[in-house]
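Participant: Two chains, two separate frames, one set of hints: put the complex together.
Chains as they are written, first to last, in our numbering: chain A, 1 to 104; chain B, 1 to 489.
Careful: at least some of the hints might be erroneous.
With a cut-off of at most 27 angstroms between alpha-carbon atoms, the simulated DSS-like pairs for lysine-lysine come out as follows [what the hints assert, rightly or not]:
1. B:Lys411 to B:Lys286
2. B:Lys91 to A:Lys10
3. A:Lys78 to B:Lys91
4. B:Lys54 to B:Lys16
5. B:Lys85 to B:Lys48
6. B:Lys85 to B:Lys54
7. B:Lys262 to B:Lys285
8. B:Lys48 to B:Lys7
9. B:Lys285 to B:Lys411
10. B:Lys407 to A:Lys30
11. A:Lys101 to A:Lys78
12. B:Lys251 to B:Lys285
13. B:Lys275 to B:Lys407
14. B:Lys407 to B:Lys91
15. B:Lys411 to B:Lys275
16. A:Lys69 to B:Lys242
17. B:Lys275 to B:Lys285
18. B:Lys15 to B:Lys54
19. B:Lys242 to B:Lys7
20. B:Lys48 to B:Lys15
21. B:Lys91 to B:Lys411
22. B:Lys286 to B:Lys262
23. B:Lys85 to A:Lys69
24. B:Lys411 to A:Lys30
25. B:Lys91 to B:Lys48
26. B:Lys85 to A:Lys78
27. A:Lys10 to A:Lys101
28. A:Lys78 to B:Lys48
29. B:Lys91 to A:Lys9
30. A:Lys30 to B:Lys91
Just the calculated beta-carbon pair ranges, DEER-fashion [said to hold, decoys possible]:
31. B:Gly300 to A:Ala26: 21 to 31 angstroms
32. A:Thr68 to B:Lys286: 48 to 58 angstroms
33. B:Val58 to A:Arg63: 32 to 42 angstroms
34. A:Ala26 to B:Leu44: 27 to 37 angstroms
35. A:Ala75 to B:Gln471: 46 to 56 angstroms
36. B:Ala365 to A:Asn22: 22 to 32 angstroms
37. A:Gly86 to B:Thr8: 53 to 63 angstroms
38. A:Asn22 to B:Glu232: 44 to 54 angstroms
39. A:Val102 to B:Gly268: 36 to 46 angstroms
40. A:Val102 to B:Ser364: 21 to 31 angstroms
No lab work stands behind these hints, which were simulated from the structure alone.
Think of the CB as a built atom: it goes at the ideal place given N, C-alpha and C, for glycine as much as any other residue.
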Amino acid sequence: MALSIEDIKKIAHLARIEISENDATATLTKLTGILGLIEQMQAVNTEGIVPMSHSQDVVQRLREDVVTKTNQREAFQKAAPLLGNGSIQQAVDSGLYLVPKVIE
Amino acid sequence: MINSSLKTLSQMLAKKEVSSVELTQAFLNRIDTFNPDINAYIALDQDKTLAQAKAADVRIAAGSAAPLTGIPIAQKDIFCANGWKTTCGSKMLANFVAPYDAHVISQFDAAGAVNLGKTNMDEFAMGSSNETSYFGGVKNPWDFTRVPGGSSGGSAAAVAARMCAAATGTDTGGSIRQPASLCGFTGLKPTYGVVSRYGMIAFASSLDQAGPMAKSAEDCALMMNVMAGFDERDSTSLQRDKEDYTRDLNKSLNGLRVGLPKEFFAEGLDASVAKVIEAAIAEYKKLGAEIVEISLPNTGLSIPVYYVLAPAEASSNLSRYDGVRYGHRAAEYTDLMDMYCKSRAEGFGAEVKRRILIGTYVLSAGYYDAYYLKAQQIRRLIAQDFEEAFKHCDVIMGPSAPSTAFKAGEKVDDPVAMYLQDIYTISTNLAGLPGMSIPAGFSNNLPVGLQIIGNYFDEARMLNVAHQYQQVTDWHTRMPELQLPQGTK
Numbered sequence: 001m002a003l004s005i006e007d008i009k010k011i012a013h014l015a016r017i018e019i020s021e022n023d024a025t026a027t028l029t030k031l032t033g034i035l036g037l038i039e040q041m042q043a044v045n046t047e048g049i050v051p052m053s054h055s056q057d058v059v060q061r062l063r064e065d066v067v068t069k070t071n072q073r074e075a076f077q078k079a080a081p082l083l084g085n086g087s088i089q090q091a092v093d094s095g096l097y098l099v100p101k102v103i104e
Numbered sequence: 001m002i003n004s005s006l007k008t009l010s011q012m013l014a015k016k017e018v019s020s021v022e023l024t025q026a027f028l029n030r031i032d033t034f035n036p037d038i039n040a041y042i043a044l045d046q047d048k049t050l051a052q053a054k055a056a057d058v059r060i061a062a063g064s065a066a067p068l069t070g071i072p073i074a075q076k077d078i079f080c081a082n083g084w085k086t087t088c089g090s091k092m093l094a095n096f097v098a099p100y101d102a103h104v105i106s107q108f109d110a111a112g113a114v115n116l117g118k119t120n121m122d123e124f125a126m127g128s129s130n131e132t133s134y135f136g137g138v139k140n141p142w143d144f145t146r147v148p149g150g151s152s153g154g155s156a157a158a159v160a161a162r163m164c165a166a167a168t169g170t171d172t173g174g175s176i177r178q179p180a181s182l183c184g185f186t187g188l189k190p191t192y193g194v195v196s197r198y199g200m201i202a203f204a205s206s207l208d209q210a211g212p213m214a215k216s217a218e219d220c221a222l223m224m225n226v227m228a229g230f231d232e233r234d235s236t237s238l239q240r241d242k243e244d245y246t247r248d249l250n251k252s253l254n255g256l257r258v259g260l261p262k263e264f265f266a267e268g269l270d271a272s273v274a275k276v277i278e279a280a281i282a283e284y285k286k287l288g289a290e291i292v293e294i295s296l297p298n299t300g301l302s303i304p305v306y307y308v309l310a311p312a313e314a315s316s317n318l319s320r321y322d323g324v325r326y327g328h329r330a331a332e333y334t335d336l337m338d339m340y341c342k343s344r345a346e347g348f349g350a351e352v353k354r355r356i357l358i359g360t361y362v363l364s365a366g367y368y369d370a371y372y373l374k375a376q377q378i379r380r381l382i383a384q385d386f387e388e389a390f391k392h393c394d395v396i397m398g399p400s401a402p403s404t405a406f407k408a409g410e411k412v413d414d415p416v417a418m419y420l421q422d423i424y425t426i427s428t429n430l431a432g433l434p435g436m437s438i439p440a441g442f443s444n445n446l447p448v449g450l451q452i453i454g455n456y457f458d459e460a461r462m463l464n465v466a467h468q469y470q471q472v473t474d475w476h477t478r479m480p481e482l483q484l485p486q487g488t489k
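Bound conformation, chain B alone (with noise of 0.2 angstroms):
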């Protein structure tokens, strides 16, 4: 049960196979026996989950059930859920109680859909391998001496594990993607603007994007068909008609022109990560897809650019940390600048403070043009590339990371290496595209993620290609053998 599709769920829901409340408990029982290990999850509500799935029961047996009524979800710490403890992963919200729901909350709530809890993830979701969490690391279901990527690395351990039956996360630089590519699972980050960002804590406002984390392609499609949609508090969410993302599922791939970038399969992609990429194009071929050469010259512009663009935007949101109204106040200071500082200086990890830094740094006074401005026409550049490849191809693939899940520890005092982890990610966040990670395989027990890029709201297509993929291959049913903890029976 615990490895079923979203839809077989559903259905096994609908003809009163399991109810909601057994399923729940079941996907309970589980994180009871594997969280300690792994701590996907940070806050978990009994009382609160169970209450939903006996909501969800009594609307199944009143007959007005939605396609994701009674199914267990969990909810990336990011977003703000009314009466739940939300912290974002970091000290500075560590006795958050959020007094109303984010916009993908009450999204979940109104389809009748379970909270099973809430996930860990790199401080205000700065950071590739969740290490930057105040709450402690993830480990990745595969490896555990590994990192299960981030900064949605709880969710993405919750889905690798079966702890949940599909999960939410956020996408700024490649944080659904590339830890959906080192457990070995599908994510999908939309086109910005899809999804909306209210009651969702913002970290880069003009890049964050929310989408869903989860075992496949089409249960992919059924979440976003509860997470997409025009909400007017968002001032950023955009104005489109309601889509069914499950619309193209079935279509043929026979003639999809298939882009290849010559950059992202150059120096610094790991060759056993490489290998597996190139079996799954050849599948692709088999598929009935063409393959097309492209280039997108500006890809190694992508990282400086960013790391511009997302601290400068970082700094201005987090400004509101000052131990005021809500978050960390300082036990002792003297007068409320000594307030701010401190509060500041305890409430923020290392890596959040950097961001913050490097941000104010850019935004000063005399370095707004050479920093800030010039990042935006950089970023205009890049997403000039993909204009110009998406006239010669359908959709875009490549890896979604360099390499797989690497030690934890390994590149925790290096920022720059970790930085790179989102290199052929981070891209498609500037230009706003959509992008997704699907399994394509594994090299040395650890999955390798699929990247597929698409052009603005093409998930509809992006999701055909890849559920067509995972109609031929079983590699997004692999679930990696969890060890049960010594004493358990």
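This is chain A alone, in the form it adopts within the complex (with noise of 0.2 angstroms):
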């Protein structure tokens, strides 16, 4: 199936990725090569053939439940993000994280 400028459009979207009209258009010539690399593998007949997630056949190991984990609150949110729109301050108050409102 070819790809056209709105399916590039509503793809960046689903991946939450902006993307302007001209970047629209030269993704879409370097997908639709990257796409058609990818066909090649509609000529293989792969029928009853289990798919494979992992090389190794494991089972997901469980833990006991304990707790192994400290707060480390205040270490991670030095990594914070700065607020942006003009602020220089970083993105978190009292412990939490700082984002534009969402609840009416």
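Facilitator: This is how it looks when you write it as structure tokens:
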């Protein structure tokens, strides 16, 4: 299936990446090339083949249900981004992260 | 000293012929001289580095040194190191100071090794030339107009230019082996699950694997002794007994069955590279190896399969970069959605965005079966090809990359041409097998790497196979003649 500019914009929105009209056009050409490469797969008959997600046949390990982590909120919040929109404050307040208002 | 093996350096440290501080300073001086041109390191912190060297000297004096105590190692900037800037080559993490250590970093710390600095890389390890790094490309020490390969291009240039004793890398589709080939040193990607991915910034989780990049097989074995081992913090880390990767280095290769896949010598391989590889195979015959022709019929499909699976996993892994808790947040935005979309548009480079978009597309409603599931089915066919091949041989050999180092800028606008760089390496990642690249000679003064692929958990044997070759050849001891920058004494 050939991709259109509208498809690129829709995918970019799903991926939460802003894309300009110019970038969408350039991206269309590159993605079409890459999808052409991927298309080679369709010639292979894979009926009945069990999909392989991992090379080793292992099961998910379980651990004891005990506390293993300590609270490191302060250390982790040091990496918080700047608030933006002209503010040079970090996007944290009273141990919480600040984001634009989502509930009116 | 800068060209000495890890074993020699370790002995010199033990005999107090040199201190770790002196050794570390020698490498730091070399970095000072050559890094401004080569751009292999993107984070240096002399105080932290020298403090580790001093601590190593105390440990050596106390008689409690481990084999790598006091040895200066370069760390790929994909590994979180507490208090170090950890960027993964991206603007998204340009100001991120890691608040914890990756398992690999803790292992080197526990061994008493010295962290020389963080090395440049393709953004989020997506690239084969180091040109997608937000911090600029890396020059190949053999020819400054050429790329070092990627994604571990900074570690590769640091090893080749002797700006470290050894380095770490990661390999999702060839990112240790292809740069090892293009820069002329020894690199090993272990079996998937042997080295913990904890604290290693995720690209494609079912393929990512860390490994050593060093001057020789023996050095890689010593590095593996530190890096490998079970870690409960990585759910895909394999529970296995600790191994000594040096244990088989000196075994004879008499009777070793070497499989040559005909698909690795077909169209697309540079003729001068093929010649070097053939000469290396001839050397192995002299060492007693027996050559077996094998076939890996689905090799050509490994690239299409990879470019479904890796972007799909990447689009999921990289969804965490939303500008909320860490990483880049746009300077201007109107609401939450706008903040996400602008932060990600600004924070990611072109290649990373392309891969996120491909991943999002192949995972989107209606396409999952045609792309993702189909790719996982062919992945099994590729793994079965190897299973069949290993019934007839002990190791597989071929080229690591289709050509020698290419010119900077040459493939940057053609993603598909760039992706073909990994034609010989990707299939082992898909199968989860170990692979390595060792220096096998030169073509037009540029290094050529021989790839050695082993069966699952056969790293010790592969290191033996590489070490025996390095006992009778000297390609791995060659180093580029670096021009001192103008104005340097």
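Participant: Now tell me, hint by hint, if it's right for this structure.
Facilitator: Here is how each hint holds up against the structure:
The suggested pairing of Lys411 of chain B with Lys286 of chain B is violated, with an alpha-carbon distance near 38 angstroms, which exceeds 27 angstroms. A distance of roughly 24 angstroms separates the Cα atoms of Lys91 of chain B and Lys10 of chain A; the hinted pair therefore holds under the 27 angstroms criterion. For the given pair, Lys78 of chain A sits about 18 angstroms from Lys91 of chain B by alpha-carbon distance, which is consistent with the 27 angstroms threshold. For the proposed pair Lys54 of chain B and Lys16 of chain B, the alpha carbon gap of about 13 angstroms is at most 27 angstroms, so the pair holds.
Restraint check for Lys85 of chain B and Lys48 of chain B: satisfied, since their Cα atoms lie roughly 12 angstroms apart, inside the 27 angstroms limit. Between Lys85 of chain B and Lys54 of chain B the CA atoms are separated by roughly 22 angstroms; this keeps the pair inside 27 angstroms, and the hint holds. Distance restraint check for Lys262 of chain B and Lys285 of chain B: the Cα-Cα separation of roughly 18 angstroms lies within the 27 angstroms cut-off, and the hinted pair is therefore satisfied. Distance restraint check for Lys48 of chain B and Lys7 of chain B: the Cα-Cα separation of roughly 24 angstroms lies within the 27 angstroms cut-off, and the hinted pair is therefore satisfied.
Restraint check for Lys285 of chain B and Lys411 of chain B: the C-alpha separation of about 37 angstroms exceeds 27 angstroms, so the hint is violated. A threshold of 27 angstroms between alpha carbons decides the hint, and for Lys407 of chain B with Lys30 of chain A the separation of about 21 angstroms falls inside it, so the pair holds. Taken as a hint, the Lys101 of chain A and Lys78 of chain A pair is honoured in the structure, with Cα atoms around 22 angstroms apart against an allowance of 27 angstroms. Restraint check for Lys251 of chain B and Lys285 of chain B: the C-alpha separation of about 16 angstroms stays at or below 27 angstroms, so the hint holds.
Distance hint between Lys275 of chain B and Lys407 of chain B is fulfilled; the C-alpha atoms sit about 21 angstroms from each other, no more than 27 angstroms. Restraint check for Lys407 of chain B and Lys91 of chain B: satisfied, since their Cα atoms lie roughly 25 angstroms apart, inside the 27 angstroms limit. Among the hinted pairs, Lys411 of chain B with Lys275 of chain B is consistent with the structure: their alpha-carbon atoms are about 24 angstroms apart, no more than 27 angstroms. For the proposed pair Lys69 of chain A and Lys242 of chain B, the alpha carbon gap of about 26 angstroms is at most 27 angstroms, so the pair holds.
With a CA separation close to 15 angstroms, the supplied pair Lys275 of chain B and Lys285 of chain B stays within the 27 angstroms bound. A hinted pair counts as satisfied when its Cα atoms are at most 27 angstroms apart, and Lys15 of chain B with Lys54 of chain B qualifies at roughly 16 angstroms. The straight-line distance between the Cα atoms of Lys242 of chain B and Lys7 of chain B is roughly 20 angstroms, inside the 27 angstroms bound, and the hint therefore holds. Our distance criterion of 27 angstroms between C-alpha atoms is met by Lys48 of chain B and Lys15 of chain B, whose separation comes to about 25 angstroms.
With a C-alpha separation of about 22 angstroms, the suggested pair Lys91 of chain B and Lys411 of chain B falls inside the 27 angstroms cut-off, and the hint holds. Pair hint Lys286 of chain B plus Lys262 of chain B holds up; C-alpha atoms about 21 angstroms apart against a cutoff of 27 angstroms. Straight-line distance between C-alpha atoms of Lys85 of chain B and Lys69 of chain A comes to about 23 angstroms, which keeps the hinted pair within the 27 angstroms bound. Between the alpha carbons of Lys411 of chain B and Lys30 of chain A the distance comes to roughly 13 angstroms, so the proposed pair stays at or under 27 angstroms and holds.
For the suggested pair Lys91 of chain B and Lys48 of chain B, the alpha carbons sit about 24 angstroms apart, so the restraint of at most 27 angstroms is met. For the given pair, Lys85 of chain B sits about 13 angstroms from Lys78 of chain A by alpha-carbon distance, which is consistent with the 27 angstroms threshold. Taken as a hint, the Lys10 of chain A and Lys101 of chain A pair is honoured in the structure, with Cα atoms around 25 angstroms apart against an allowance of 27 angstroms. Proximity of Lys78 of chain A to Lys48 of chain B is assessed by CA-CA distance (about 20 angstroms); at most 27 angstroms being required, the pair is judged to hold.
Simply put, Lys91 of chain B and Lys9 of chain A have alpha-carbon atoms about 23 angstroms apart, close enough for the 27 angstroms limit, and the pair holds. For the hint linking Lys30 of chain A to Lys91 of chain B, the alpha-carbon distance of about 22 angstroms falls within 27 angstroms, and the restraint holds. For Gly300 of chain B paired with Ala26 of chain A, a C-beta distance near 28 angstroms keeps the hint of 21 to 31 angstroms intact. At about 54 angstroms, the CB distance of Thr68 of chain A to Lys286 of chain B agrees with the hint of 48 to 58 angstroms.
For the hinted restraint 32 to 42 angstroms between Val58 of chain B and Arg63 of chain A, the CB-CB distance of approximately 36 angstroms keeps it satisfied. Between Ala26 of chain A and Leu44 of chain B the C-beta distance comes to about 36 angstroms, which sits within the given range of 27 to 37 angstroms. Evaluation of the 46 to 56 angstroms hint for Ala75 of chain A and Gln471 of chain B yields a pass: the beta carbon distance comes to about 48 angstroms. In this structure the hint that Ala365 of chain B and Asn22 of chain A lie 22 to 32 angstroms apart at CB holds, the actual value being about 28 angstroms.
Taking 53 to 63 angstroms as the suggested C-beta distance range, the pair Gly86 of chain A and Thr8 of chain B conforms, at roughly 57 angstroms. Checked against the hint of 44 to 54 angstroms, the C-beta distance between Asn22 of chain A and Glu232 of chain B comes to roughly 48 angstroms, which is consistent with it. Checked against the given bound of 36 to 46 angstroms, the beta carbons of Val102 of chain A and Gly268 of chain B, roughly 52 angstroms apart, lie outside it. Distance hint for Val102 of chain A and Ser364 of chain B: a CB-CB separation of about 25 angstroms, consistent with the stated range 21 to 31 angstroms.
Checked against the numbered hints given earlier, this structure breaks hints 1, 9, 39; the rest are met.
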